[in-house]
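Colleague: For the sequence shown, this note's numbering begins at 1 and goes up steadily by one.
Treat the hints loosely; a few may be bogus.
Pair ranges (Cβ atoms, derived) [as the list claims (entries may be wrong)]:
id: 1; residue 1: GLU78; residue 2: PRO222; range: 34 to 40 angstroms
id: 2; residue 1: HIS3; residue 2: SER134; range: 27 to 33 angstroms
id: 3; residue 1: ASP55; residue 2: ALA200; range: 34 to 40 angstroms
id: 4; residue 1: LYS109; residue 2: ARG46; range: 37 to 43 angstroms
id: 5; residue 1: ARG21; residue 2: ARG250; range: 36 to 42 angstroms
id: 6; residue 1: ARG65; residue 2: LYS109; range: 31 to 37 angstroms
id: 7; residue 1: ARG171; residue 2: GLU124; range: 38 to 44 angstroms
id: 8; residue 1: PRO122; residue 2: ARG317; range: 40 to 46 angstroms
id: 9; residue 1: ARG209; residue 2: ALA41; range: 32 to 38 angstroms
id: 10; residue 1: TYR220; residue 2: ALA252; range: 32 to 38 angstroms
id: 11; residue 1: ASP30; residue 2: PHE127; range: 43 to 49 angstroms
id: 12; residue 1: ARG317; residue 2: GLU253; range: 23 to 29 angstroms
id: 13; residue 1: ARG224; residue 2: ASP55; range: 29 to 35 angstroms
Everything labelled a hint here was simulated from the structure, so no lab data went into it.
A virtual CB, placed ideally from N, CA and C, is assigned to each residue, including glycine.
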Amino acid sequence: MAHISVCVATTRPSTVGAMVRSILRQTWTDWELVVVGQGDADALRRAVDLGSGKDPRVRYVHSDRRGLSAARNRALSESSGDIFAMTDDDCEARSDWLTVLAARFNADKALGLVGGTLVAPPPEKRFVPSSCLSNEPGDVVYDPTVTPPPAPAGFGCVGGNMAVTRAAAERVGRFDELLGAGARFPSGEDLDYVHRLELAGVKMACTPRSVVFHTHGRRYGPGRMVSYWHGQGTGHGAISAKLTLRGDPRGAEAVRIGVAQEVTQWLPGGPSGNRLGSPKQALRRLASDSVRLPTASVAYRSVLRHYVVDDDGVLRRRTRTLASQRASP
Numbered sequence: 001m002a003h004i005s006v007c008v009a010t011t012r013p014s015t016v017g018a019m020v021r022s023i024l025r026q027t028w029t030d031w032e033l034v035v036v037g038q039g040d041a042d043a044l045r046r047a048v049d050l051g052s053g054k055d056p057r058v059r060y061v062h063s064d065r066r067g068l069s070a071a072r073n074r075a076l077s078e079s080s081g082d083i084f085a086m087t088d089d090d091c092e093a094r095s096d097w098l099t100v101l102a103a104r105f106n107a108d109k110a111l112g113l114v115g116g117t118l119v120a121p122p123p124e125k126r127f128v129p130s131s132c133l134s135n136e137p138g139d140v141v142y143d144p145t146v147t148p149p150p151a152p153a154g155f156g157c158v159g160g161n162m163a164v165t166r167a168a169a170e171r172v173g174r175f176d177e178l179l180g181a182g183a184r185f186p187s188g189e190d191l192d193y194v195h196r197l198e199l200a201g202v203k204m205a206c207t208p209r210s211v212v213f214h215t216h217g218r219r220y221g222p223g224r225m226v227s228y229w230h231g232q233g234t235g236h237g238a239i240s241a242k243l244t245l246r247g248d249p250r251g252a253e254a255v256r257i258g259v260a261q262e263v264t265q266w267l268p269g270g271p272s273g274n275r276l277g278s279p280k281q282a283l284r285r286l287a288s289d290s291v292r293l294p295t296a297s298v299a300y301r302s303v304l305r306h307y308v309v310d311d312d313g314v315l316r317r318r319t320r321t322l323a324s325q326r327a328s329p
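Model the full assembly from the supplied sequences, consistent with the hints where possible.
Modeller: Here is the structure:
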């Protein structure tokens, strides 16, 4: 048995109640839910109380700090579990979510992280363009002390459905508060955390049987899609730069390969062949690439120029005196 702390950051009173109710329906009963709100405290607290029916296992904590990573760090510090399970305030967990996670950790005591499936809902507005984050991992184990990076095919983890043990979290430290929604680089805090677990030699796994539905995650309209792509590109560039600052060649390689692939796939006979799909899909890919690629490149250069990675593995702004600052090895 394991006591599981479900850690959720919220800014949306309109959807957080559904997330809370999905945790109350879990078949695993040894849990607590810590919801960290940022925004309208009264509205968020009412939504959490209404969703939970004031179940004593559900706790609302308000934070004036901005950003998803800051809220996750606060949730981790407020939690008492052996396992920290994370999802988002626009998601709903399948009723066996915690049971599957607990079984996976119990089956292999060496695991420090388990990631799972994030299911995007189908579009409700047929003629309005939309985007929604999803994740479809394989049943994959990744031990960086045995298999050198990168992770094997099929391994993938997103913040909407991931869990870490207390021991792994204490070993790696807090989420980077310059990454993630609401931060300077508004995505990628989850992938960065995986990279840091990898650097620490923490064994990880993914299982498609751990399922969370991204019920309210679809964003509609060109404006919101461009904002979404911009955030993705910015986060990707920042994560790549962090790898470079740590001496990991994958950082520069990701930028170089990204540029080459995104440009050449549009040339006649390019490497993508027919994989771009229908003309509609190709047009959408062209639109997203035209946003993601330049923003990733700008963010990459900005981080290399203005930031360092400190001893805790998080980004810090460079100061005039750099003697006390250095990139982590």
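Colleague: All hints, please: hold or fail.
Modeller: Results for each hint:
Taking 34 to 40 angstroms as the suggested C-beta distance range, the pair GLU78 and PRO222 conforms, at roughly 39 angstroms. The given range of 27 to 33 angstroms is respected by HIS3 and SER134, whose C-beta atoms sit roughly 29 angstroms from each other. Checked against the given bound of 34 to 40 angstroms, the beta carbons of ASP55 and ALA200, roughly 35 angstroms apart, stay inside it. The given range of 37 to 43 angstroms is respected by LYS109 and ARG46, whose C-beta atoms sit roughly 41 angstroms from each other.
Range check, ARG21 to ARG250: about 40 angstroms between beta-carbon atoms, so the 36 to 42 angstroms window is met. With their beta carbons about 34 angstroms apart, ARG65 and LYS109 fall inside the hinted range of 31 to 37 angstroms. Restraint check, ARG171 to GLU124: a C-beta distance of roughly 42 angstroms satisfies the suggested window 38 to 44 angstroms. The hint said 40 to 46 angstroms for the Cβ distance between PRO122 and ARG317, and at roughly 42 angstroms that hint holds.
The hinted range of 32 to 38 angstroms is satisfied by ARG209 and ALA41, whose Cβ atoms lie roughly 36 angstroms apart. Look at TYR220 against ALA252: about 36 angstroms separates their beta carbons, and that is inside 32 to 38 angstroms. Checked against the given bound of 43 to 49 angstroms, the beta carbons of ASP30 and PHE127, roughly 46 angstroms apart, stay inside it. Judged by the Cβ atoms, the range 23 to 29 angstroms given for ARG317 and GLU253 holds: they are separated by roughly 26 angstroms.
With their beta carbons about 33 angstroms apart, ARG224 and ASP55 fall inside the hinted range of 29 to 35 angstroms.
In summary, the structure agrees with every hint in the numbered list given earlier.
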